[in-house]
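Q: Converting from the sequence shown to our numbering requires adding 23 to each position, the first position being numbered 1.
The set of hints was computed from the structure by calculation and includes no laboratory data. Please read all numbers here as calculations on a predicted model, not as lab measurements.
Distance ranges between label pairs, derived from CB positions:
1) Leu-86 with Glu-140: 32 to 38 Å
2) Trp-173 with Leu-72: 20 to 26 Å
3) Thr-83 with Met-132: 30 to 36 Å
4) Lys-54 with Asn-186: 31 to 37 Å
5) Phe-196 with Glu-140: 38 to 44 Å
6) Glu-140 with Val-163: 35 to 41 Å
7) Met-92 with Gly-181: 21 to 27 Å
8) Val-63 with Thr-83: 25 to 31 Å
9) Gln-82 with Asn-182: 36 to 42 Å
10) Phe-194 with Leu-70: 19 to 25 Å
11) Thr-178 with Val-124: 28 to 34 Å
12) Thr-105 with Gly-181: 18 to 24 Å
Note that the Cβ used here is the ideal one computed from N, Cα and C, for glycine as well.
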Amino acid sequence: MKAILRRIFFAFTLLLTSSAWGASASDTLSKYDHFANLGVSFSRGGLALSADYEYPMHQTFGLGGFFRMNQKSEDPAVTGATMLGAFIRPHFHRRGWDLYVAPGFGLMMVDAPSTGEDETALGPSMAVGLLYQLTDSIAVGSEWFMATPWFASSTLRGNQLVNDINARVRFAF
Numbered sequence: 024m025k026a027i028l029r030r031i032f033f034a035f036t037l038l039l040t041s042s043a044w045g046a047s048a049s050d051t052l053s054k055y056d057h058f059a060n061l062g063v064s065f066s067r068g069g070l071a072l073s074a075d076y077e078y079p080m081h082q083t084f085g086l087g088g089f090f091r092m093n094q095k096s097e098d099p100a101v102t103g104a105t106m107l108g109a110f111i112r113p114h115f116h117r118r119g120w121d122l123y124v125a126p127g128f129g130l131m132m133v134d135a136p137s138t139g140e141d142e143t144a145l146g147p148s149m150a151v152g153l154l155y156q157l158t159d160s161i162a163v164g165s166e167w168f169m170a171t172p173w174f175a176s177s178t179l180r181g182n183q184l185v186n187d188i189n190a191r192v193r194f195a196f
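Using the sequences provided together with the hints, build the complete structure.
A: This is the structure in structure tokens:
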């Protein structure tokens, strides 16, 4: 599944680099005060949805919060999770492209596969994304997201809870 998503990401990146239209990503960050990002991907448990809000503090970085939901499947080996957290997101611009890195920390509500019970954990998250600015207020791209519970039971602690690539759309307003 990861290999397929990587190929789609590569093809999507090539498609976007061949276009000659688009807005400057740095102009968008200096023009608007709010950003909403929506993401979708497929994980082992099924559909994974994400949404986040970012307030640009400067043209080069913003602060925000995220919500993410990974479905739990019928397979007892698949962990489902709902996450809520905060991040800082530095941006690196080049023409219409916006590369960002977003370290964060969050609360994770986990459907533990080993016990079948819900568990609450705390831990870091990391996101790396690449967006292409289509218009002044819309950008599309992809993001790699990873979350690891640090403060959890011994069965979850230190294991990667989420590690996937999702398609993203950013709306500026």
